[in-house]
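2 protein chains.
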Amino acid sequence: MTDATGPTTPTAEIPGFHLYDTTLRDGSQQEGLTLSVTDKLAVARHLDELGVTYIEGGWPGAVPRDTEFFQRARTELQLTHARLAAFGATRKAGAAVEEDPQVAALVEAGTPTITLVAKSDLRHVTGALRTTAEENLAMVTDTVSYLVGLGREVILDAEHFFDGFLHDPDYTTSVLVAAHEAGAAVLVLCDTNGGMLPHQVTEIIENLSARLETAGAGDARLGAHTHNDTGCAVANAISAVRAGITHVQGCVNGYGERTGNADLVTLMGDLQLKMGMDLVPAETLAETTRISHAIGEIVNMPVTTRAPYVGASAFAHKAGLHASAIRVDPDLYQHTDPREVGNDMRMIISDMAGRASIELKGRELGFDLAGEPELLSRLAATVKQREAEGYSYEAADASFELLLLDELGQVPSYSTVESWRATSQLGRDGTLETEATVKLRSDAEGEHERKVAIAEGNGPVNALDLALREALRERHPEVDEFELRDFKVRILDAHHGTDATVRVLVRTSGRGLEFQTVGVGPNVIEASWEAIYDAYTYGLYKSGV
Amino acid sequence: MTDATGPTTPTAEIPGFHLYDTTLRDGSQQEGLTLSVTDKLAVARHLDELGVTYIEGGWPGAVPRDTEFFQRARTELQLTHARLAAFGATRKAGAAVEEDPQVAALVEAGTPTITLVAKSDLRHVTGALRTTAEENLAMVTDTVSYLVGLGREVILDAEHFFDGFLHDPDYTTSVLVAAHEAGAAVLVLCDTNGGMLPHQVTEIIENLSARLETAGAGDARLGAHTHNDTGCAVANAISAVRAGITHVQGCVNGYGERTGNADLVTLMGDLQLKMGMDLVPAETLAETTRISHAIGEIVNMPVTTRAPYVGASAFAHKAGLHASAIRVDPDLYQHTDPREVGNDMRMIISDMAGRASIELKGRELGFDLAGEPELLSRLAATVKQREAEGYSYEAADASFELLLLDELGQVPSYSTVESWRATSQLGRDGTLETEATVKLRSDAEGEHERKVAIAEGNGPVNALDLALREALRERHPEVDEFELRDFKVRILDAHHGTDATVRVLVRTSGRGLEFQTVGVGPNVIEASWEAIYDAYTYGLYKSGV
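Taken in order, these protein sequences are the chains called C and S.
In this text, residue positions in the first sequence follow our numbering: the first is 1, and each later residue adds one.
In this text, residue positions in the second sequence follow our numbering: the first is 1, and each later residue adds one.
Simulated pairs of lysine-lysine, BS3-like, Cα-Cα distance not exceeding 30 Å:
#  : chain 1 : residue 1 : chain 2 : residue 2
1  : S       : LYS542    : S       : LYS451
2  : C       : LYS439    : C       : LYS488
3  : S       : LYS542    : S       : LYS384
4  : C       : LYS488    : C       : LYS384
5  : S       : LYS488    : S       : LYS542
6  : S       : LYS488    : C       : LYS384
7  : C       : LYS384    : C       : LYS542
8  : C       : LYS361    : C       : LYS488
9  : C       : LYS488    : S       : LYS488
10 : S       : LYS439    : S       : LYS542
11 : C       : LYS451    : C       : LYS488
12 : C       : LYS384    : C       : LYS361
13 : C       : LYS92     : S       : LYS384
14 : C       : LYS488    : S       : LYS384
15 : S       : LYS274    : C       : LYS274
Which residues of chain S face chain C? A few of them, derived with a C-beta cut under 10 Å, are:
#  : residue
16 : CYS232
17 : ILE326
18 : LEU505
Now the stretches of chain C that chain S is said to cover, found in silico as 3 or more residues with beta-carbon under 8 Å:
#  : region
19 : 27–36
20 : 194–201
21 : 221–231
22 : 263–269
23 : 483–490
24 : 514–524
No wet-lab data here; the hints were simulated from the structure.
The model shown is predicted, which means the values in this text are computed figures rather than measured ones.
The beta carbon of each residue, even a glycine, is placed where N, CA and C say it ideally should be.
Go ahead and model the full structure; you've got the sequences and the hints to work with.
Rendered as C-alpha cells:
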C-alpha cells in the first residue's frame, strides 16, 4: 500500500521492471483531452488495477488542477500496487533550490516519488533555457540531491536525450551522470520530439551505456520515454528494453502530445506475451481490454477500433477466405489468444455478444443462467439489438442487470411515467430559466395515485432529475440518499451533426452502491431521462426498497 | 504511362525501391470500410499522385466490385507513375492452371502486374488448404510460370511467411525458391497475423537470405507486408528494409484488417526523411498531408488527429512551457519540418497558453500581434479566465478568432438575440415532441426588424439550430450552405452530477470553410446555443457575408 501523504524514511527502489504511466501528465497534453480532478482520480484507480508500477499524476504548482489532484489523492486514492509520482522541473537557473516555489510545490504534493525533467540537449540549455552548460548541471545536482535528502525517490527525465546525444554526447551523458551521482533512482532517456527510429535507439543506448560505464555510472537504472512521431513509439521502447533499460514510460491507449506517447497497453502485450517478460499476473493482463476501454470512457476518447490487443477490431475477421479455416483452428489466424488480454475473436458479420459472454456476465452479477439456454438466447438478441441502436452495456452494468431482471420477470416497478416536459429559455432580460414537469402514477396495488412535480434546475436534465425525485419522494424518501455523480454524453453517428443519436451514461452513488446506467435517443433530454429513471429504479431495488 | 489494358511483351521490372499500396484490397478488409468502384478509382488517382510504385486494385473474379474496378480502370484510370496490380491466389489444388477460373479472371483483369498469394506455412497448407506440401509447391510453380509466360509481372505474397519460417524454415524457404525459379519478380514476406516484433523480422530475414543464397536464389528481390497487431507495423517494415528488402507493402493511413496494415504515409516519411532514401520528389512528399486527408474523406475514415506526419495534431503544441522557446527556434521542438510533408506547426490555445503562444496562434490566423503587448496580455487573461469557466479553445479555433476579433473591435454582429426557448416533452400517448422558438432583432443600421421563428427537431439542440437558421435565412440566405457536421458534449466537473458544467464543441462546414466553435454553461442547451450561434457568426463573417 502506497502512502500518498509522503514518506518519512527514504523511499526504497521498486525492484524488477517498471511500467511508468504518464497518462495524467503527458497524456493530458493530447489535443482535446482535458481531465477534471475527479476524472484523474478515476483514471488513477484504473491504472492501479492495470498493474502499472508508477502513476505520474501531474505537475503540482504549475497546473492548479494538478495541485488539487495531489491534495485529494491523499484521502481519496488508495493504491494497491502503483506508486504515485509528481512531475516537475529542476530548480530555476541562478536560484537556490530551497527557495524555488516550483520545487516546494513538488515536495508539498507529498508523493513518494518525484519525477524531474531536466534539459539534456545543450542547444536547449542555451537556446530555450538561456543558461549555461555548467549551471544546468548544477540545477540537476542541486534539485536531485535536495529531494533525495528529503527522503523522496527521484526519477530523472532527460528531455530531448536522443537529439541531444546525437548533437553532443559528452554533455548529454554528463547530465545523466550528474543525476545519478546526486541519487536519482532512474535515468529516463526521452525522445521528446519523437523523431527516432528503433535502430537509432539501440545504437544510442549502447553508446551511452559504454560511456556511463567509463564514468563509473554503469550501475544506473535506465528508462525510456518515447513518442509516436515516426509511428515507432512502441518499437522504440522495445528497442530500448532489448538494449538493457528496465523502465518504460507511456500512456494508456497511446494518448499524448502530437502523435501520442508509447501505448502502454500495447507495450504490456508485447513485453509479456511476445517477449516473455513477467510484468503482471495473467489475470491482470486479462483485464486489459476492459480497463483500457473504461479509461477511454472517462477521458472521453474511446479506444480506436484498430488498437492492438484491445481494439474492437483487433481480433475481428471480415468473413470470406478465413472463415472456414478459423472454425477448424483459430490459432492459425490470430497472433495471440485474445482472451489473454480480455478481448475476443469476432467474426464481423456474426453477433458480438454471444450467449457465453452473457452467461459470464450474469454469473458476475450473481445470476446462474447456465441452465437457461433460451433465456440466454433472448438476452443475447436483445443486447445485440439495443447495441445496434446505440446502447452500450460495457460501462453500464446496472442497465444490463435491469434488462436481465426484466427477462426474469423480476424488474421492480416503482411507478409509471405518464409524461414529462423540460423547457429551457433565455428571456428578454438575459436570464436563463429551466424548468421541468414530471407526472407519475403509482404502481402500488389498489392505488391510482398521481404525482405531479415541478422543479427548476441549472439545465433541463438537472430540472428533470429534481422533478423526478420530488415525484418519487413521498412514497420512496430513500431517493434523496442517491446522488448522480457523473453524467457523460456521447454523440453517436457524428456525421449527422445536431441531428445525431445521443448516448448518456449516468453514474449514481448512494445507500452503499455505485453504479452506471445508460440511455439512448435522438434527444439528449430523452436519453438522459432514461438513464436517470433507470438509476432510481436500480438504486431503490438493489438497496432493498 | 502504364498501360492498364495488358502488355504484349513481358513486363519489365521497375528498378529502385518499391512502395506497394494495397489500400484497395487489404485496406478494404478494415471493419467499416466499404468502397464503391467509383471510390476505388478516386483513391487510385490519389495514390498515383502520392507517388507509390504499385497500386493493388483488388481481387478480380472473387469480388464482383473488383472485377468491375479493373474493367473500368482500363478506360477511366490514367496512371502517371504507378503500375496497377491485380491480386489473386495460386491455382486450386489438383487442377490445371489453364483451367482455373480464378486464375483466368486475374488474366482478364488486364493489369501488367499480378500479385499471387501463396501458402508458405506448412500448417496452413495441410490444415487450411488441406493439400500436400508438394502440391502446394507445384501450385506456386505452375501459376507463376503460366502468368509470366503470358507476359505478366508476378509478385508473390508468401502468406504467413514469418510464422511459417519459425515453424519450418526449410519448407517456407522452398516455397520462395519455387516462385523465384518460376520467374516471380518479387518475393513478399507477409506477417499475415501481425505478431512479429522488429528484431524478429531482422533475424528471420537474415536467416532466410543465407538460405536463399545457398539455394541459388540470392538474387531474388524481397518485399515485406506487415500488420500492426503488436503496434510495430511500420517498425517491422523498417527492420525489413534494413535487412535488405527493397519493396514494402502497406496502406495509406494504415487502413487494413484488424489493427491495420503498415501505414504507407508514415513509412514514406520515415524512409525518405529519416533514412535518407530518395523515394519520391520533395514536392510530391509535400503533398502527403493533403492526399492522405483526401483519401480519408473518400473512404469516410478521417485521418486520426494523432497520425504521424499528417495528423492534425502531429505538429501541434499545447504546453505553455514550450511556446516562448518555439518562437525562438521551432526546430528545437519538432522532429522534422512539417512543410516537408505539407503539414503545419500549430499552437493549441489552452489555459497553459501565455502571450507567446497567443501571438503565434494569431500569426497562424493571419493577425500580426507582435507589436501589441497590451492586447496580447488582455487576450491571454481572457483565455485563462474563460478556460477556467470551462471553455476550451484548443479544438475551437473559430471561437478563439471571434474572441480576438472582439478584442480588435472587428467582431461582426448579424443580429441580436432577444430570447429563445426549447422544450422537450414526453406526452401521455408516449410520443416525444421537441420544439424551439428563437427571437432575433436585426442589427442593420436604421432597422428594428424582429424575426420570430419556430421549429421542431429531433432534440432541443436540433430544434434550436433549425429555428435559428429560419430566423437568419431571410437576411442571410447563406446560412443554408452551412452544415453542422459534428457535435460533442463534455461534462466538466463531473462530481456535481446533473448539476455540472457542460462544454459543447460544434464542427461546421460550408462555403469552403471547416471550423469548430465552443459553448459552455450549466445547461447543455445554453452551451449548444452559444456554440451554434458562434458557428453562424463565424461562418458568415469568414465567407465574406
